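Asks: Each chain, letter by letter, is given below.
Protein chains: 4
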Amino acid sequence: MLRFEGALALAQAASGIIPQESAKIINDYCNIDLINIEQVKKDIKLGGNTAIPLVKQLTQIVKKQDEEAAKYVHFGATSQDVVDTGIALQIQKYMVWLNEKLHELQQILITLTQKHRQTLMIGRTLLQQARPITFGLKTAKWLTPINQIQFPVPYLTLGGAVGAGNEFINRNVQLELGSTLALNSPSGGQDVLFCCQLGILSGHLGKIAKDISLLMQTEVCEVFEGAVDGKGGSSTMPHKRNPVTCTAILANAIRTPHLVATMLSTMPQEHERSAGLWHAEWETMTELAGLTAGSLEKTIELLSGLEVDKNRMLQNLEITKGLIYAENVSLALAQKIGKTDAHHIIEKACKTAIFEQKHLKTVLQEMKIDLENLDELFKPENSIGNSLEIIDEILNH
Amino acid sequence: MLRFEGALALAQAASGIIPQESAKIINDYCNIDLINIEQVKKDIKLGGNTAIPLVKQLTQIVKKQDEEAAKYVHFGATSQDVVDTGIALQIQKYMVWLNEKLHELQQILITLTQKHRQTLMIGRTLLQQARPITFGLKTAKWLTPINQIQFPVPYLTLGGAVGAGNEFINRNVQLELGSTLALNSPSGGQDVLFCCQLGILSGHLGKIAKDISLLMQTEVCEVFEGAVDGKGGSSTMPHKRNPVTCTAILANAIRTPHLVATMLSTMPQEHERSAGLWHAEWETMTELAGLTAGSLEKTIELLSGLEVDKNRMLQNLEITKGLIYAENVSLALAQKIGKTDAHHIIEKACKTAIFEQKHLKTVLQEMKIDLENLDELFKPENSIGNSLEIIDEILNH
Amino acid sequence: MLRFEGALALAQAASGIIPQESAKIINDYCNIDLINIEQVKKDIKLGGNTAIPLVKQLTQIVKKQDEEAAKYVHFGATSQDVVDTGIALQIQKYMVWLNEKLHELQQILITLTQKHRQTLMIGRTLLQQARPITFGLKTAKWLTPINQIQFPVPYLTLGGAVGAGNEFINRNVQLELGSTLALNSPSGGQDVLFCCQLGILSGHLGKIAKDISLLMQTEVCEVFEGAVDGKGGSSTMPHKRNPVTCTAILANAIRTPHLVATMLSTMPQEHERSAGLWHAEWETMTELAGLTAGSLEKTIELLSGLEVDKNRMLQNLEITKGLIYAENVSLALAQKIGKTDAHHIIEKACKTAIFEQKHLKTVLQEMKIDLENLDELFKPENSIGNSLEIIDEILNH
Amino acid sequence: MLRFEGALALAQAASGIIPQESAKIINDYCNIDLINIEQVKKDIKLGGNTAIPLVKQLTQIVKKQDEEAAKYVHFGATSQDVVDTGIALQIQKYMVWLNEKLHELQQILITLTQKHRQTLMIGRTLLQQARPITFGLKTAKWLTPINQIQFPVPYLTLGGAVGAGNEFINRNVQLELGSTLALNSPSGGQDVLFCCQLGILSGHLGKIAKDISLLMQTEVCEVFEGAVDGKGGSSTMPHKRNPVTCTAILANAIRTPHLVATMLSTMPQEHERSAGLWHAEWETMTELAGLTAGSLEKTIELLSGLEVDKNRMLQNLEITKGLIYAENVSLALAQKIGKTDAHHIIEKACKTAIFEQKHLKTVLQEMKIDLENLDELFKPENSIGNSLEIIDEILNH
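Chains as they are written, first to last, in the working numbering: chain A, 5 to 401; chain B, 5 to 401; chain C, 5 to 401; chain D, 5 to 401.
It is worth saying that the hints were derived from the structure and are not from the lab.
Check the hints yourself; a few may be wrong.
The list treats identical chains as interchangeable, and a pair is accepted whether it falls inside one copy or across any two copies.
[To be verified] As a list, the in silico DSSO-like pairs of lysine-lysine whose alpha-carbon atoms are at most 27 Å apart:
(1) Lys343 <-> Lys355
(2) Lys372 <-> Lys340
(3) Lys325 <-> Lys365
(4) Lys314 <-> Lys362
(5) Lys325 <-> Lys45
(6) Lys97 <-> Lys45
(7) Lys325 <-> Lys314
(8) Lys362 <-> Lys325
(9) Lys67 <-> Lys325
(10) Lys352 <-> Lys49
(11) Lys383 <-> Lys28
Just so you know, these numbers come straight off a predicted model, no measurement behind them.
Working from the sequences, and respecting the hints, build out all of it.
Replies: This is how it looks when you write it as C-alpha cells:
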C-alpha cells in the first residue's frame, strides 16, 4: 500500500499534477518502518478498512517534514484504490513465486514420468483394478493440467471516490502508475478468475495426493512419501507409514473450493463500491493463496522424495489371478472362432477361475483353449494400450 | 452420446480398425428416435451411468440389422468416453448460443452506454451517495467484464477402460474423431475452468441486477424494468413495481457460486476414474449452465426494456443539498487561501448546512465566501471526473 | 399450495371473517385437477413466483361457481404465505417418509451390528492399517449419528403483505390454520436448520459409502455391495465389482454441502421480503431433499444386501506379519523388564521383521524373547480394546 | 490439550490404571508456560498434527521430574483424542461467552422493540415500499431467531488408536474424564451441527445488518449506526455516513456459509480416522467461530448505538402520495358498492394519481368518492395490521 502511495505521487508529479519535490518527499517517507502498525489495526474499526488509518499516519509523517507535500498524499485517490492495488502488488509477488514453484513441479513430474515411463502397474477405476497402465502414464496425467495453468496479470485499481477518476487521477496518471508498478489497466472480475485458477490448481494437487494416499494403503503399498526421520511413523504401530504430506494437501483441497465460492459470492456488489462484499474478499484471497501455495510446496516435497515399489506394482497386477487379461484372450480367440463364441468361452472360464480360485491362464490351459501365444496375452506390458505414446506426447508438448 | 458412437465408428473405419460397412450401419442407427429412453433411465441404476444401458440398446438395434456391425459398437471405448464427450458436445452447442447471447448483451450495453454517456446521476459507495457519475459510466463498467469473458473449447474424451487407449482407440482415431466433432484434444480440468467462467458470468449479471434492483427502490426510482402488462405489479399495492427480472438473476447469482464449488470439490478424483466425484459433475454442470443461461436471457430482457428516469436522477443529485460538492468548493477555495484554511471553512459550512437543513451553496453565500464561479462548482456535469473518457475508452476497446 | 388456500378459507370462516359457504366452495375447488399447470408455468415469469398465477386461476375457477366466494380466495394473504406454507406441507410429508426410512436404516444397522459384533477386522487410520476392531464396531459407529438426528417440525407462514397480518389474517386464523395443517407457529430460520440436518444426514451416509467403497477395493475385498444381475459388473473386466450404489451416495455427499451453503447464503434477506434470496431457496431445498432421500434409499439398499467376507478380514489382519501387535508385546514385556528396555527390544524386532520380511512372532521367537503367552498376544480377538462394550452401549441406547 | 492430558492421567489414576503419584506429577506439569510453542509449530510438519510434538515435549518435561510418571503421559490415547477434546474445551469456553453475548443481544432487542413498538414506518418487499409496519415489528422479528438458537454441549473424544478404547482407556476413564471436563459422551457429527448453528446465527445477524445498511441509504435515512468520532465519515464527502459496522457483519455473513459447507464436506471420512478430512476441520472451525463472534459483538455495538429517525420514517410513508393506502380505500368502498366496482374505481384513481403526480386522497376527493372516514384510511397507524399483537407475543414468549 505504501508502494502505491509513493508511486502515485511520483506519477502525479510526472503529469504535472503535483510538485516534483512533494512527490519525492512522499515517496521517500512511504516506508513501512515509520508506520505504527498496532495503531493502524486499532483504527481500522472506525473506517472499516486499512487504507484510512494508514493514509492518516502517512500524512502526519510527511507533514512533519513538509506541510506542502502532506497535501498531496493519496491525492484524489480512494480507499479501494490503495487496498486493491496493494493486494494486486502482493499477488504480483506471489505469482513470481508460484510460477517458479510450478516450474519446479513440472520438472519433477517430467523426471518422474521419464523414469517410470515403462513401470508397469494396474490402472484402477471406481477403486477397482481395471487394466494395466504404467506409472509414467499416471504422472504424465498429473502433469497435463499443471502445464495448462495460466494466471492473469494483476491489475491496477485507480478510480477515486466513485471510480470515475478526477482531475488528479486521470488517464495519464493511470498509465504512468500502471507502468511503474507493472500492473494491467483497470479491469473487472480478473481477481475472481485468478482465485478460480488457484482453486483449480489446489484441486489438481489434491488429485495427486489422493492417488498417492490410496497407493500408500497397507494393502496396496505401491508408492510412499519419502521417509524422513520421525515423519509419519508411530512408535506403537511400527508398520504405519502415514501419508502425512498427502493429508495436508488433501485438507487444503477440501477447503479451497469453498473459498473460491466465497469470492464468487462477493460478485454482485452494490453500485460503485459494496458495503460488505468487497470487504469479504480480503481475507478470503489471502487464505486461498496461502493454502494453494502450501499445497504446491507440499506436493513438490511429496514428489521429490517419492518412493516407488516396482515389485509391489508387479505383484498387485497378479491379484486378480489373470482376470484383468480376460479381454485380451477374448479378442485373440475371436480372431479364430468369432466374437460371440469367444466371449461365451472366456466368460465361462472367468467364472471357473473365480469359483475355483485358480489363475485364468491355468483354467484356459485346462480347458485346452487353442491359443499359441497365451503367455503373451497375460503380460502387462502387452496390455498398456497407447500408454507410451500418450506419455511421449505429453512430454514433447 | 449417439453422435459420439456414430462418429467413433466412422473414425475407426477411417483408420482401418473396423469395416467401413459396419461403421456406416452403426452411424445410421445412432438415432435418438430408436432409443427407449424410459428403459435407459431404469437401467442406469445397475451400471451407475447412462452409457451402459444406452450402448446396450444401441448394440441390440444394430444387431437386428447386422450381426457383424454390432460387434463394433462402442468399440474399445469406456463409459466415461461417451458420457464426457456427450457433455462436451452439449457444451459446444450451448457455447454457440452463449456467444450469440453475449454478443447481443454487448450490443445492448453499448447502445445504453452511448445513449446515457452524459446522463448525470449520483455515484454511490457503501450504499451512500458519494459523487456524481453518468449512467453511461455505470453501464460501461457493466460491459467491461462481458467483453473479457473467454470460454475454452470443449475437448474430446477418448481413452478406453483406464484412459490409456488401446488398439482400437489410438492417436489416429482420436485425431479423426476430434476433428469430426470439432473438439479439442483430451485435456485436464478444462471443464472446471469452463464452470468457473460460467460462475463469473453469473456473478457479473448478478451485479447488474443488484444495481438495477437498488435503483428501482421506491425511495430512489431512477431506473425500472420495462413494463409488461401484469408484470411486477400488484393490484392491492398499485405503487409497487417489483424488480421481478432482477430477482430471478439475483436468485441465480446466489446459487451459482456453490455449483462452481461443487465442481471444484470433485477434482481430487481417485486413480483413473473416481467412484462418486465424476458422477457428481453431471447434474451440477447442467444446472450451472442452465442457471447462467437463464440469467443471460433475463439480463438481455432486463436491459432491452430498461426505463431510465433522467429527471429523477437529477433530483436525487440534490438530496444532500449540495454536500456532494463540498470537495469542489474546498479545492477551489484552496487556490485562494490555502488548503488548510479552505478545509476548515468548508467543514464549518457543511456542519451549518446539515444543522440548519440549508443548501450548502446558500450557506456559503450567507458566509460571503468569495468565489466567483460558485454556481459552476455545484453543477454535477462539472463533477464527473473522467467519466466520459473512461466510457469512450471502453467503447473503443 | 391449494391445500393452504382451502384451509385458509375454512379457518377464516371459522373466525367469522368470511362466509362459511364461500369457504366451503373455495375449499371444494382447491383441486389440482382443475388447474392448468402449463399456464401456471408460463405465467410465473410475470410475477416471479408460482403463487400469483395459481391464485389467479383458482379465483377464476371459483368465480365460475360463485362470484361472492371468489372475493375471498387467498383473502388477505401474500405470495410468500402460500409458497412457503406449500413447501412446509411438502416437508411435512417428506419427513414422514424420512423418519420411516431412518427407522428402517436403524433396524438394518442394529441387525448388522449384532451379527458382526465379534467379526474381527483391522481398524484403519489415515488409510493405514492400525489396530484390530470388529466390523460390528464400525457399523455401530455408523448407527450413532443416525440415532441422534432430529428434525424440527415445519412451520406455517401466514403474515400477509408485509408479515404484519391484517384484519383477515389475525392470530385466530393463524392458530386455526396451524392446527388444521399440523404446522408450528411462524418462526425464523427453521427451514435452514432443517436443511443443515439434511446435509448432516447426507454426510453421514457418505461416510458409510466411503468406508464400503474402500473395503470393496480389489486389494482389500472385505465387504461388497449385494450382487444383482447386471449391476456393477463389466463384461470385459470380469473381476470388477464396482461400488455402484456407494458411488451414487458419494456423489450426493459431494453436492449436498454446497446446497446447504446456498441456503445459508440466502439468510441476509432485505426488509420484509427479499428480492432474490427468498427465490433462491425453492429449487435448492427441493434438490437437497431429493438428494438426501436418494442417499437414504440407496444406503438402505446397500446395507440390506451387504456381503461380508470374514475370512478375508482375517487374512488382511495378517498383512503386516504381526506388526499390528507390536504394542501388545511391548506392553507385556514391560511388565517383566520395564517399559524402556521393552520398547527398545521390540523396536529392534520390528525393524528386523520389516527388513527380513519375517513375521514379528518368528523374529521374537528367534530372539528368544521370554514371553510364555506369545501366541495370545498375536490374536486379534485379544486386541480389540473395548469394542464389544462400546457396541453394546450403542445398541442399548 | 494440556488440560486433557492432565485430567486423563487423573482419571486413569482414579480407575487404578496408573499410579496416583504419577498422575499428580503429570497433571502438575501440564502447564503451557513450560511448552516451547515454536518447537511444537516446527514439529507439526512431521506428524501432521499438534498432538504428536506436544505430547513429546510434555513427556520430556515430566521425565525430568520422574521417569516412572513419564511412562503414563497420554497413556493409551491417540492424537485425535487430545486434538478434538482440546477443541471441545475451547468450544465450551467459547459457548459461555457466546451465550452471555446472545443474552445481551436479546436484551438490547427487547428494549428496542419496546421503545419502537408503535414507531410507524413503511414495510418493504422486493425492495419496494409495500404497507406500513412499526419499527418494533422489525426488531421483534430480528429477535425471534435469536431466541430460538440452541447449541449442543460439546463432547469428549477418547477412543485410543482406532476409537475402540483399550485397557487404559475404558468406559470408567471416559465417564470420569467427561465428568471432570464437563463434556458429553463421545458422539458423532455434533461438531458439524454446532458449526451449522454458528452459520445460522451469522446469517441472522447478517439480516439485521442488511436491513440497517439499506435503511441508512442517503435516499432512505431512517436509522443510523451510532456516531463515533471519526467513524464512517469522510472529510471530503461530509454527507456520507457509511454503514461501517454493518459492513463487517455483512462481510462475515458472506463467508460463513462456505465455512459451514467446508465442515459438511469433511464428513465422509475414511475408516477409523481420515487422511485429510479431519485435518480440514481445525482451522475452519476456528475461523467460523471467530467470524460469528465478531458479528455478534459488532451487532451488539450496532444496535446499542442505533439512531432512529421517526420523523423521516413518517416522511417516507408519504413518498407514494397515498398509494400505499389504496387497498384500505378499496376495501372500505367495497362495503358500500361491492368489491368489483370499488376495485375499478380505485384502480382508476391510482392511475390518475400516478399520472398527475397528485396525492391519492386528493384525487379521490376530486372524484367526489363518498367515504366519510377518508382521513382515517390514509393514516399509517390504521394500516399496521396485527403488528402490535405480534410484537407483544414475541416479547411475552
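Asks: Failing hints, ascending?
Replies: Checked against the structure, the hints that fail are numbers 5, 9, 11, while the rest are satisfied.
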